[in-house]
Amino acid sequence: GAVVSQHPSWVICKSGTSVKIECRSLDFQATTMFWYRQFPKQSLMLMATSNEGSKATYEQGVEKDKFLINHASLTLSTLTVTSAHPEDSSFYICSAGGGTGKNIQYFGAGTRLSVL
Amino acid sequence: KQEVTQIPAALSVPEGENLVLNCSFTDSAIYNLQWFRQDPGKGLTSLLLIQSSQREQTSGRLNASLDKSSGRSTLYIAASQPGDSATYLCAPGYSTLTFGKGTMLLVSP
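Sequences listed follow chains A and B, in order.
Start counting the first sequence at 1; every next residue gets the next number (the working numbering).
Start counting the second sequence at 1001; every next residue gets the next number (the working numbering).
Think of the hints as simulated: they come from the structure by calculation, not from any bench.
Note that the Cβ used here is the ideal one computed from N, Cα and C, for glycine as well.
Relax, there's no trap hidden among the hints.
Below are the DSBU-like pairs computed for lysine-lysine, each with C-alpha atoms no more than 30 Å apart in a straight line:
#1 K55(A) with K1001(B)
#2 K41(A) with K1001(B)
#3 K1042(B) with K20(A)
#4 K41(A) with K1042(B)
#5 K1001(B) with K66(A)
#6 K20(A) with K1101(B)
#7 K1068(B) with K1101(B)
To list a few chain A residues with every Cβ distance to chain B over 10 Å, as calculated:
#8 H7
#9 E22
#10 F28
#11 T31
#12 S54
#13 V62
#14 E63
#15 K66
#16 T78
#17 T80
#18 H85
#19 E87
#20 S89
#21 S90
#22 V115
#23 L116
Chain B with its partners taken away, still in its complex shape (with noise of 0.2 Å):
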């Protein structure tokens, strides 16, 4: 059974650090992994999707890792915004998504 882990469980930085956030899971078997946004009281937001046969993918100021052999995968969000401020959940995928309880991330102005 696929068990992710996030770390940190909840980050709070002033406006404008550069962030990692990192995700690690047990069972490389997966296809693909993505991370998401989700507000409070929302639904999710895709962020980025990386297939397993790459190593990173870029949106903009978001940049996602994949090292699958070791089950890790990292966020790097550069110069973040009080718009970032989310909880960021990562998901491996296989036949089914499995989701870490996420990173609850606050940054304030």
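So here's chain A without its partners, still in its complex pose (with noise of 0.2 Å):
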């Protein structure tokens, strides 16, 4: 059980247009759900929080009108990458709690975003 599907697992796009990554909890319902951010040999860094049916929050740092979180459902949150630049390139991974462990997140198998 608990498991999280993200989609795409790869995504290769023009500088300027915007990326839509989505994130499911299959067999549980996710209370809340991480979206993560991790650069090449670097650890995975926390970018919002978002609970279903309420704005994300976001880490310092992050922009939150070029990262738009939306969690409209207990299964399923996306995360959109708004007018991709280059340095947005990296992998992006998501995670969901709730099911039945408490304090657990059950991660999702990541996007890697290639901004060209």
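Once you've looked at the hints, go ahead and assemble the two chains, each given alone in its own frame, into the complex.
Here's what the structure looks like:
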């Protein structure tokens, strides 16, 4: 149980376009979802935390107008990178909390974004 | 702000060795601590979860210990195998998880 699906796994886009990444909890209701970013050889950095039906809470230094997060249901959260630029190229990973384990996060497989 | 340090940053060993990976964290007010494995270009695989009230957890050849008061955790890998080659991340958790940079492990045949 506690499977989190993230799609797409890899996306290449032109500079200036927007990219949407989906994160789904397949077999449990995720009251909270988290979005992380990982640059090469760096640790995962939390970007934002979202609770179903409310606005996301962004970490310091993360532009909320650039990284739009929607958590419209208990099984789906989306991250949209708006007007992507090459410096946004990174590995984005979502996780979902809820399930049967308190304070446990279940991770998606990640999305590699390459902006040309 | 929680800060997590993992030592060593990289480790290369021959197959069969027993290994210890170290993790230290600055804020001991945590609910739990997780150890993850990350293969190159992939997501995270949860290995072990230790609740704050526990001292250790075991899964197969893996054993993780937690000394919450001193802000330390260790991951012990017994009889290492080439398939264990990956980056190992520790993440103490409160309302959110904070990750270290990881230990990159290479086990050669």
